[in-house]
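For the protein sequence lines, the chains are V and U, in the order given.
At position 11 of the first sequence the residue is numbered 11 (the working numbering), and the sequence of numbers has no breaks.
At position 65 of the second sequence the residue is numbered 65 (the working numbering), and the sequence of numbers has no breaks.
What the hints contain is simulated information worked out from the structure, not anything from laboratory work.
Cβ atoms here follow ideal geometry from the backbone N, Cα and C, with glycine treated the same way.
Wrong hints could be hidden among the right ones.
To be verified - With a straight-line cut-off of 25 Å between C-alpha atoms, the simulated DSS-like cross-links for lysine-lysine are: (1) U:11 - V:68; (2) V:98 - U:70; (3) V:68 - V:98; (4) U:53 - V:98; (5) V:68 - V:52; (6) V:52 - V:98; (7) V:60 - V:77.
To be verified - Sample of chain U residues with no beta-carbon within 10 Å of chain V, all distances over it, derived: (8) 8; (9) 44; (10) 79; (11) 101.
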Amino acid sequence: GNSVTQMEGPVTLSEEAFLTINCTYTATGYPSLFWYVQYPGEGLQLLLKATKADDKGSNKGFEATYRKETTSFHLEKGSVQVSDSAVYFCALRDSSYKLIFGSGTRLLVRP
Amino acid sequence: DAGITQSPRHKVTETGTPVTLRCHQTENHRYMYWYRQDPGHGLRLIHYSYGVKDTDKGEVSDGYSVSRSKTEDFLLTLESATSSQTSVYFCAISESSGGQNSPLHFGNGTRLTVT
């Protein structure tokens with residue numbers, strides 16, 4: 001079945017460092033891809049999405065490109081802030097309309 | 001914020017008791033979902049609904065049932081709660097117009113503890 005694999009965390013960075021969180025997927029067909037963010041004690045918020053190959057989703061300085069050839073959707077940010085500390089989830093949605101999540105990656109940004 | 005309200009926000013119950021969690025939406029979206037979140041597992045789909053009285057199982061549906069008698073309400077019932085069902089439960093909704101491209105929007109969760 002379809003699945004999403006994320007890099008293990010936690011990822012610890014200093015403020016203004018470059019961030020990459022790796023995400024790869026396995027899917028039949030052409031899923032849509034999403035990144036969600038969860039701040040402590042809160043629900044999940046949509047961060048960005050991409051719906052077809054080579055699409056780039058972006059929001060709040062975060063970017064991710066839908067790479068069909070490598071089945072990847074890595075999340076990047078050029079300069080992280082302490083306020084970016086959260087858990088990040090990669091997910092895919094297929095033609096069944098289910099949203100399938102990776103296990104999440106915790107990011108900790110130190111001042 | 002998407003108009004999603006989960007109730008209760010916190011609940012402690014004893015093993016063997018029935019529990020019902022409620023998700024209420026004000027967006028008139030067709031799709032509704034119940035997920036559970038556990039450390040190391042991300043979010044796993046329990047059940048989902050694609051319309052009034054239309055529901056289907058997710059990957060971890062054993063021990064759970066759902067009902068959707070109105071567009072705005074989606075109920076999750078644990079018929080006889082077990083300690084393994086201690087978790088944080090999230091409801092989500094999605095519109096149908098964008099198909100699989102439409103994102104899910106999540107409620108703030110219900111923390112359930114089964115003692």
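Next on the checklist: For each hint given before, does the structure comply? Return the numbers of the non-compliant ones in rising order.
Outcome noted: Of the numbered hints given earlier, those the structure breaks are 1, 9, 11, listed in rising order.
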